[in-house]
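Participant: This is what each chain is made of:
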Amino acid sequence: MDIELIDAHCHGIVAADPDRSQFEAMLGEGRRGSFGSALGLALRRWCAPLLDLPAHAEPERYLARRAELGWREVSARLLRAAGVSRWLVDTGYGFAPAFVDLCGGPVGEIVRIESVAERVVAEYGLTATVFDEIERALRESARSAVGLKSVAAYRCGLDFPGHGIPPSTSALSGTRLTDPRMLSWLVGLAARISAESGLPLQFHTGFGDTDLRLHRADPLLLTDFLRATEDSGATVVLLHCWPYHRNAAYLANVFSHVYLDLGLTIPHVGQRASAILAEALELAPFDRLCYSSDGCGLAELHYLGARLWRRGLGRVLDEWIADDAITTADADALIAAVAAGNAARLYPAATPRPGAGPNSPPLPLR
Amino acid sequence: MDIELIDAHCHGIVAADPDRSQFEAMLGEGRRGSFGSALGLALRRWCAPLLDLPAHAEPERYLARRAELGWREVSARLLRAAGVSRWLVDTGYGFAPAFVDLCGGPVGEIVRIESVAERVVAEYGLTATVFDEIERALRESARSAVGLKSVAAYRCGLDFPGHGIPPSTSALSGTRLTDPRMLSWLVGLAARISAESGLPLQFHTGFGDTDLRLHRADPLLLTDFLRATEDSGATVVLLHCWPYHRNAAYLANVFSHVYLDLGLTIPHVGQRASAILAEALELAPFDRLCYSSDGCGLAELHYLGARLWRRGLGRVLDEWIADDAITTADADALIAAVAAGNAARLYPAATPRPGAGPNSPPLPLR
Amino acid sequence: MDIELIDAHCHGIVAADPDRSQFEAMLGEGRRGSFGSALGLALRRWCAPLLDLPAHAEPERYLARRAELGWREVSARLLRAAGVSRWLVDTGYGFAPAFVDLCGGPVGEIVRIESVAERVVAEYGLTATVFDEIERALRESARSAVGLKSVAAYRCGLDFPGHGIPPSTSALSGTRLTDPRMLSWLVGLAARISAESGLPLQFHTGFGDTDLRLHRADPLLLTDFLRATEDSGATVVLLHCWPYHRNAAYLANVFSHVYLDLGLTIPHVGQRASAILAEALELAPFDRLCYSSDGCGLAELHYLGARLWRRGLGRVLDEWIADDAITTADADALIAAVAAGNAARLYPAATPRPGAGPNSPPLPLR
Chain A
1 MDIELIDAHC HGIVAADPDR SQFEAMLGEG RRGSFGSALG LALRRWCAPL
51 LDLPAHAEPE RYLARRAELG WREVSARLLR AAGVSRWLVD TGYGFAPAFV
101 DLCGGPVGEI VRIESVAERV VAEYGLTATV FDEIERALRE SARSAVGLKS
151 VAAYRCGLDF PGHGIPPSTS ALSGTRLTDP RMLSWLVGLA ARISAESGLP
201 LQFHTGFGDT DLRLHRADPL LLTDFLRATE DSGATVVLLH CWPYHRNAAY
251 LANVFSHVYL DLGLTIPHVG QRASAILAEA LELAPFDRLC YSSDGCGLAE
301 LHYLGARLWR RGLGRVLDEW IADDAITTAD ADALIAAVAA GNAARLYPAA
351 TPRPGAGPNS PPLPLR
Chain B
1 MDIELIDAHC HGIVAADPDR SQFEAMLGEG RRGSFGSALG LALRRWCAPL
51 LDLPAHAEPE RYLARRAELG WREVSARLLR AAGVSRWLVD TGYGFAPAFV
101 DLCGGPVGEI VRIESVAERV VAEYGLTATV FDEIERALRE SARSAVGLKS
151 VAAYRCGLDF PGHGIPPSTS ALSGTRLTDP RMLSWLVGLA ARISAESGLP
201 LQFHTGFGDT DLRLHRADPL LLTDFLRATE DSGATVVLLH CWPYHRNAAY
251 LANVFSHVYL DLGLTIPHVG QRASAILAEA LELAPFDRLC YSSDGCGLAE
301 LHYLGARLWR RGLGRVLDEW IADDAITTAD ADALIAAVAA GNAARLYPAA
351 TPRPGAGPNS PPLPLR
Chain C
1 MDIELIDAHC HGIVAADPDR SQFEAMLGEG RRGSFGSALG LALRRWCAPL
51 LDLPAHAEPE RYLARRAELG WREVSARLLR AAGVSRWLVD TGYGFAPAFV
101 DLCGGPVGEI VRIESVAERV VAEYGLTATV FDEIERALRE SARSAVGLKS
151 VAAYRCGLDF PGHGIPPSTS ALSGTRLTDP RMLSWLVGLA ARISAESGLP
201 LQFHTGFGDT DLRLHRADPL LLTDFLRATE DSGATVVLLH CWPYHRNAAY
251 LANVFSHVYL DLGLTIPHVG QRASAILAEA LELAPFDRLC YSSDGCGLAE
301 LHYLGARLWR RGLGRVLDEW IADDAITTAD ADALIAAVAA GNAARLYPAA
351 TPRPGAGPNS PPLPLR
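Protein sequences appear in the order of chains A, B and C. Here my numbering is used: the first sequence runs in plain steps of one and ends on residue 366. Here my numbering is used: the second sequence runs in plain steps of one and ends on residue 366. Here my numbering is used: the third sequence runs in plain steps of one and ends on residue 366.
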């Protein structure tokens with residue numbers, strides 16, 4: 001637990017005590033998760049002791065003890081135990097001020113570009129100047145942020161058309177931006193801001209909830225976009241990636257401005273974290289892999305991301321050392337780089353206390 | 001061998017003694033398989049002792065002994081040794097009554113929806129009422145079945161269009177239904193019958209013979225269909241899945257009505273069964289993974305499915321226990337669930353003796 | 001090191017001493033590679049001792065010693081240490097005569113069909129007879145070659161349309177053939193030459209540089225082409241394949257005229273070679289997997305391909321033997337087949353000294 005992590009992509013926590021049904025709803029990417037899963041096993045194994053329970057405590061016992069301690073105490077214990085020295089939080093979805101109080105480190109803001117654009121469209125309507133207003137608002141938001149993020153994978157898939165001129169305002173109907181031309185324009189704008197400001201542009205790729213068509217979230221669908229931006233000064237981070245993490249590692253290998261992390265994947269696959277990390281390390285340059293938890297709603301997810309990442313990466317490198325494939329010194333350097341060094345180089349210093357993001361009510365219990 | 005399995009998807013056996021060429025033809029998904037493969041190694045390792053030969057017996061010796069004992073005795077030994085307490089058989093392809101006599105357990109019938117529809121089309125022709133007749137026949141078949149199955153992956157790929165109204169009869173030309181609109185309608189009908197009757201609807205996905213375009217059998221292509229049916233009461237089982245088994249596990253994770261098995265995959269990958277099972281368990285909820293062999297033609301396949309599944313899953317869980325990632329009690333519960341518990345909950349009790357399915361001559365030697 | 005290999009697909013070496021920047025440029029598939037990668041670790045571990053350095057020597061020290069010895073001595077040491085008894089070289093990209101002098105074995109020529117066609121188009125222009133001239137030139141080149149190769153994956157992706165009649169000359173504009181109809185015609189021609197001459201037709205599939213859209217290099221996209229050629233007498237080899245190596249193994253399993261190798265993959269994934277080989281062996285028939293390094297520019301790549309392949313395959317089979325999944329005799333036979341036996345059967349004997357290919361200036365330093 002000596003190595004400090006930078007959690008380069010996560011969300012806030014729910015400031016309330018969930019019952020079992022609510023807890024399971026937040027455990028899954030579908031309508032509800034389950035304790036009977038790799039994630040559930042990892043949660044009982046690793047989180048229970050932090051709540052003064054034996055490892056592998058039964059779900060009912062875990063939840064009773066959680067309620068007894070209360071969400072505030074539980075979250076504080078889990079977030080502190082993650083050993084994270086800096087948190088970069090997507091404030092476009094489910095950010096609660098309580099997180100800042102409990103997490104024990106500086107918090108930086110990742111601005112979700114679709115949320116900003118939707119707020120502007122809701123405010124200005126389909127006027128001739130709405131694209132200018134979106135650009136102005138995004139540049140304004142970027143000023144206090146440590147990164148930008150696109151969820152185009154959820155809106156139209158990553159196979160959006162080549163970007164360029166603003167689409168007509170017909171691409172803006174509805175409260176949710178889903179038109180591929182609009183997303184293409186918005187992502188192109190974000191890439192320009194990334195190039196000018198140095199802020200990385202994160203993309204959700206791979207595994208997510210049922211709102212996603214997973215095969216249209218394959219990061220390889222960004223190939224043309226990456227080719228177009230390689231010389232622009234923009235920096236791109238591919239988040240989560242599973243089951244396309246090998247594809248993401250390939251993109252980081254061949255494009256000099258591409259980074260990846262495994263985010264959400266690591267807590268969900270539990271005991272299999274080392275296997276996934278080993279697959280990612282086949283092609284990923286060691287200075288281009290970052291850590292993140294994608295923790296959201298339950299501080300258990302923030303903690304498990306950190307716990308399983310440390311353990312999984314340690315295990316891979318122990319095997320490599322035992323096999324004389326790497327020296328101990330090189331393994332230590334690799335761990336330090338992916339834990340925090342790469343992210344420290346990539347992201348600006350976190351702002352001490354971000355404002356709540358646009359369109360960001362605290363996460364409710366579901 | 002204490003744990004009884006439910007084999008939730010298999011076919012019949014050939015009631016004849018094959019020569020080497022015929023045996024190899026049935027060993028493969030292409031025109032012929034080979035003893036020089038992961039499957040061939042597993043067959044020699046695990047099946048030979050059941051024929052009173054040493055493990056790893058040479059192919060010629062194995063086939064000579066097989067002929068000496070005769071297909072009936074060999075099949076009885078292999079099927080009984082599988083430790084299967086209930087067999088669910090796709091009677092739409094290669095079902096022979098001998099199987100029922102030899103398999104040592106109750107047999108339930110899985111109705112292949114395309115076979116039923118093709119029989120009706122052949123009988124009624126392109127009349128105005130043919131869609132009604134298909135529906136009537138399918139409902140009739142479902143009455144004595146334990147499940148429905150679609151091979152749309154073979155006919156038009158799993159990217160068939162959103163279902164709804166019956167297509168025109170022009171979608172019915174030929175003896176084999178391949179029109180995507182027709183398949184979409186038929187699958188939609190099957191989903192409604194599943195919702196009404198409680199019978200699961202199985203889909204061939206992933207690995208199969210050369211009649212398939214494998215990349216169009218990715219279960220992710222069913223995403224829109226699964227989204228449309230999640231609240232309908234229908235239940236969907238994704239069969240085989242390799243090399244898209246992680247994708248299938250994701251679908252089971254996020255859609256509450258989706259199950260998966262690894263069918264065909266396990267006997268074919270031989271020694272690698274534990275690796276595949278570990279990959280599937282990354283995201284698959286433990287109450288949504290089932291066992292099946294997809295055994296077809298040769299009872300060796302039914303037996304190897306069971307033998308390698310037991311061994312592979314046991315190995316994964318032994319490692320998890322050794323690593324304190326799961327308790328012994330939880331591991332036992334997991335094994336019992338995927339071996340039979342999940343299928344027992346999912347499928348109705350097997351009928352004691354199914355009729356041969358429509359269009360289902362016994363499997364011939366090839 | 002007893003087992004001799006046939007390197008069934010590689011390129012030449014640069015006949016010059018690179019500085020660090022030039023060395024790293026040749027280490028990667030993008031604009032530059034990195035010592036901080038699985039490949040870099042393997043290079044320092046395995047190549048350094050051949051340059052009289054301790055294993056894991058630092059990059060600067062490695063490069064200094066390399067410069068001290070000179071590219072000729074270094075290349076000779078590395079190529080000889082690969083234990084390769086025959087080299088099959090793609091002369092369409094970066095072939096240098098020095099390779100023949102240094103490699104210590106007979107060299108056969110793989111003709112890149114796109115290079116031949118482009119040379120003819122450049123010479124003849126858009127005349128009515130240009131397709132006949134391409135055919136004549138390709139048949140002429142094939143006469144002294146041991147194989148043909150297509151890089152259609154780089155030009156238009158492997159989802160080119162069904163082949164047949166020659167396209168119009170409008171498909172030939174530019175110096176680089178990228179029109180899918182043209183590539184389809186050319187690949188169809190190469191398949192006919194393969195059928196008539198017995199020369200295998202290699203396809204680049206999977207992992208490559210940024211000129212590629214990786215998802216359009218999935219070998220499954222060749223399914224229709226493979227179905228159309230299965231009975232023609234043509235033989236097809238899928239090169240590299242990662243991350244689609246399971247897909248390639250499936251194609252070799254179901255199509256009797258399909259072979260695969262892992263080429264480029266093995267040196268790049270370093271310590272993970274055994275994991276990739278194990279995945280390929282799930283479905284690949286043992287008489288259809290070949291060895292190649294895809295070494296290009298740096299003799300380190302030729303050597304690492306061989307070193308890591310031997311080690312990786314040995315490790316997989318040691319585990320299988322320890323687990324009683326294969327006999328020692330069968331494991332020896334498997335190794336001999338994939339090391340050289342399958343390629344010896346597949347490719348004609350190498351010509352002792354090939355001419356430099358068309359459009360093939362020696363590889364320059366970048």
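Honestly, the hints are just simulated from the structure, not real lab data. Even for Gly, the Cβ is constructed at its ideal location relative to N, Cα and C. Heads up, a few of these hints could be off.
Claimed, not checked - DEER-style ranges, computed between Cβ atoms:
{"no.": "1", "chain 1": "C", "residue 1": "324", "chain 2": "B", "residue 2": "180", "range": "44 to 50 Å"}
{"no.": "2", "chain 1": "C", "residue 1": "315", "chain 2": "B", "residue 2": "323", "range": "19 to 25 Å"}
{"no.": "3", "chain 1": "A", "residue 1": "318", "chain 2": "B", "residue 2": "228", "range": "44 to 50 Å"}
{"no.": "4", "chain 1": "B", "residue 1": "55", "chain 2": "A", "residue 2": "224", "range": "51 to 57 Å"}
{"no.": "5", "chain 1": "C", "residue 1": "2", "chain 2": "B", "residue 2": "323", "range": "33 to 39 Å"}
As the list claims (entries may be wrong) - Chain A regions said to be covered by chain C (calculated; three or more residues, Cβ under 8 Å):
{"no.": "6", "region": "199-211"}
{"no.": "7", "region": "218-226"}
{"no.": "8", "region": "279-287"}
As the list claims (entries may be wrong) - Below, a sample of chain C positions facing chain B; criterion: calculated Cβ distance under 7 Å:
{"no.": "9", "residue": "26"}
{"no.": "10", "residue": "154"}
{"no.": "11", "residue": "216"}
{"no.": "12", "residue": "282"}
{"no.": "13", "residue": "285"}
{"no.": "14", "residue": "287"}
{"no.": "15", "residue": "320"}
{"no.": "16", "residue": "321"}
{"no.": "17", "residue": "325"}
{"no.": "18", "residue": "326"}
Participant: Give a verdict on every hint.
Facilitator: Results of checking the hints against the structure:
no.	hint	in the structure
1	324(C) / 180(B): 44 to 50 Å	holds (48 Å)
2	315(C) / 323(B): 19 to 25 Å	holds (21 Å)
3	318(A) / 228(B): 44 to 50 Å	holds (47 Å)
4	55(B) / 224(A): 51 to 57 Å	holds (53 Å)
5	2(C) / 323(B): 33 to 39 Å	holds (37 Å)
6	199-211	violated (count 0)
7	218-226	holds (count 5)
8	279-287	holds (count 8)
9	26	violated (32 Å)
10	154	violated (19 Å)
11	216	violated (11 Å)
12	282	holds (4 Å)
13	285	holds (5 Å)
14	287	holds (5 Å)
15	320	holds (6 Å)
16	321	violated (11 Å)
17	325	holds (4 Å)
18	326	holds (5 Å)
When the structure is compared with the earlier hints, violations turn up for hints 6, 9, 10, 11, 16 and for no others.
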